[in-house]
Amino acid sequence: MTYSYYPGCTLKTKAKDLDLYARKSAEALGVTLEEIEEWQCCGGVYPQAKDEIATKLSSVRTLNSAKEKGQDLITVCSACHHVLKRVNNDMKTDEDICLRANNYLQLDEEYKGETNVIHYLEMLRDVVGFDKIKEKVVNPLTGKKIAAYYGCLLLRPSSEMMFDNAENPTIIEEFIKAIGGTPVVYPFRNECCGGYITLEDKELASKNSNKVLASAEGKGAEMVITACPLCMYNLQNNGTEHDLPVVYFTEILAEALGVK
Amino acid sequence: MQRIGVFVCWCGSNIAATVDVAAVAEAAKLEPAVAFATDYQYMCSESGQSMIKDAVKEHNLTGIVIASCSPRMHETTFRKTAQAAGLNPYMVEIANLREQCSWVHKNKEEATEKAIVLMRTAVAKLTLNQPLIAGESSVTKRALVIGGGIAGIQTALDIADAGYEVDIVEKKPTIGGKMAQLDKTFPTLDCAACILTPKMVDVATNDKITIYSYSEVEEVKGFVGNFTAKIRRKARYVDEELCTGCGACTEKCPSKKNPNEFNMGLDNRTAIYIPFAQAVPKVPVIDAKNCIKFKTGKCGLCATVCPSNAIKYDQEDTFVEENYGAIVVATGFNPIKLDEFGELGYGQIPDVITSLEYERLMNAAGPTKGHVLRPSDGKKPKKIVFVQCVGSRGQSCREKGYCSKICCMYTAKHAILTKDHYPEMDVDVFYIDVRTPGKNYDEFYRRAVEEYDVNYIKGQVGKIYEENGKVMVQGSDMLGNKQLTVEADLVVLATAIEPDETARSIGTMLTASMDTNDFFTEAHAKLRPVESPTAGIYLSGVCQGPKDVPETVSQAGAAASKVIGLLAKDKLVGNPCVAGSNPLLCNGCGQCANVCPYGAISYVEEEVRGPGVREVRRYAVVNEAVCQGCGACTVTCPSGAMDLKGFTNRQIMAEVDAICK
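Chains as they are written, first to last, in the working numbering: chain Y, 1 to 260; chain F, 1001 to 1661.
One chain only, chain Y, in its complex shape (with noise of 0.2 Å):
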């Protein structure tokens, strides 16, 4: 089970644990990830204006990279799966978009939406599976209640996405259940928790992020865990209302499996 890896510039600055136990799990779940060489950023925000093609090139060139090794792509941060999915979504069903792209990166082979772009999560689930997961557990987060918090990256668009059932996801409470832990299901666990908001408006992300701590903390949650970033930022540096512990999925899973 070998794999092409794109971390994306936070997992090698801000969010270095998201990507270093991401590593550690894999490794001890027998799955090889192979960090693609000279990757650029995602883009960051996946670009809505349909005239621009600049800012997905980028992408595009990395889904290119895993094409040549013949390899599937994982992702772990939720921006970048997002992005580099509805990009690779784009060369697929988007003519022009596709005609336009390949005409600028003059490719050895055109690039029309080959490689499969997997999340880490939807590794864990369909190559693993969360049962060979229990298996592997060394320290159960036994009667840890833990909330998972999705945000919307991952979520939406769920026609695109394809990731989960956006209003009633349950992937990462079957995660969690995996390491032996307990789900907390709260309604708040796929809104937004103010995203970028956080540059303009600090209240508003403020307002967001505390209404998500408080919804999981309502439901007896001990524990926020996340794929993306900016939510850990947003949770730990907005919600300021709430103690709640936010750790990246990976942190605890890796302390699971016994590879922290």
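Calculated directly from the structure, the hints in this document are not laboratory data.
Backbone N, C-alpha and C fix where the C-beta goes; we use that ideal spot for every residue, glycine too.
Incorrect hints may appear among the rest.
[Said to hold, decoys possible] With beta-carbon atoms standing in for the labels, derived distance ranges:
#1 F/Ser1396 - Y/Leu57: 28 to 38 Å
#2 F/Ser1137 - Y/Lys112: 43 to 53 Å
#3 F/Thr1511 - Y/Met1: 51 to 61 Å
Since chain Y is already given, all that's left is putting chain F on it; use the hints.
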């Protein structure tokens, strides 16, 4: 050689402003077959038609070309004119100078050039026209109504009233449909059961009407005036003839925990059950999936207590075949499923319910005896939030693009009735727009706002969730320009309605066209609203589009009057423009029968003897009474044996030649 007259119409300024009509008439005179040509302001007027008749006589014309509006508009008019002038009505061709020329062009010179070509095309076709004589077919004086809701009931009663036999086929164990489940009806608030159940009894006692309840139409063959339908009578395991409807079986049945469909699953029923007290027929049915006798072989209590030996565990589905002159589709609607609307919490939060469930909660014969009690704990709510347009007027694939039309009024009704019973209760309504046109409708809505103090909030709801035992409704208040989170005890979703799930298969069976939402299409959106484009098929109620009860009843009556008009005829004149196969060219390949949507083509085998030839040949034969003249077979036929009268291959080629000349 034909002697053709060309009549160019101005259509006031509709054509004449863009097309030089005199030039078209002059150009016509140059055509070899044309003996007479003229133009006139309104050809369809009395004097225009007289002009045509006079010209036919004076110039001894054999056919006429009318260069005017679309044939959909006045072809029939001019065929009658030709007939009155002593011509065969099919010796008429229309050149469409209005919809296909003057209305779509601006440049007069170019439009005139095109008009001349269109005129020449019609002349070229008419040169090859043959007089056609329409055949006749008989009419079976019996109607089939599919669906026994208020639409089907009203249509059947009206047809029976005119003296014709009617059969109602209803798939559920009782007639009554959705209206039987309603509590009160807007805008007068009379109780639905009080006005519906007498009609149900009228249906049952009318000797012209036969009810096939718990039955489905399996197969329909034939054509207008002469349909044959095969009806499956599903085994209800109770003999309808013997049963007296005493209900002893339903009281003794030990399998009591089955969701009660009539009460929207809000309470339970027994495995042998009568859907509701006023059911027609009042004969129970055994739900075999939940019956202990069927599951384990042990029990049989109902048979033991039945005083009339009506319980028949060995009953099987039976079939009835009947002939009909007309078929009315009255298949109604269902609220959409809310599985795709996870954000609204339906199915997860017990106190989020649909409007139809709320109807049952308010109904005195419902699961709570008419008291509004929330499903989670049976307590009386203090605050109810109604959410309108759930699944209606949306643009995503999970939503319907149309307005379900009835929700604004029934939500206002729910709000008024709630406040009337419980003045202390707080009622909010989230809406996109309030749409209440109709007699006494807007007044009704205003009463909800002004007299009953119902709080209408313009905005949509984005999320419903539970918090501390309350149902939280998060939505926007667009007039206040703010986000709201309302704490409620009960939330009622005004769910969009969609055609019944059987509509699509019934439409296919009847070759009746449907739109992308599976509503049946009417023959003309304005002028023929209760007829399907397929002759002999009529539409009643919501199967054609969302409607409330008054509108459904009006439409049901209109459909009945159309059926009566058909059944009153002894003979139907057919369309002579039908396909025919030339046995000398046909090789019996079978492709035409494959594409025929009406099943009008069959094959015969005939021994052919000639000098040195003796063989059995297979060739196609068209049943002219069934053929609708669509022409699919003529373009499919690889050997050119199939031809459509009035639109022969030679005529079409002549038209193409005339255009290309």
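Now the hints, each set against the structure:
| no. | hint | verdict |
| --- | --- | --- |
| 1 | F/Ser1396 - Y/Leu57: 28 to 38 Å | holds (30 Å) |
| 2 | F/Ser1137 - Y/Lys112: 43 to 53 Å | violated (58 Å) |
| 3 | F/Thr1511 - Y/Met1: 51 to 61 Å | holds (55 Å) |
In this structure, only the earlier hint numbered 2 is contradicted, and the remaining ones agree with it.
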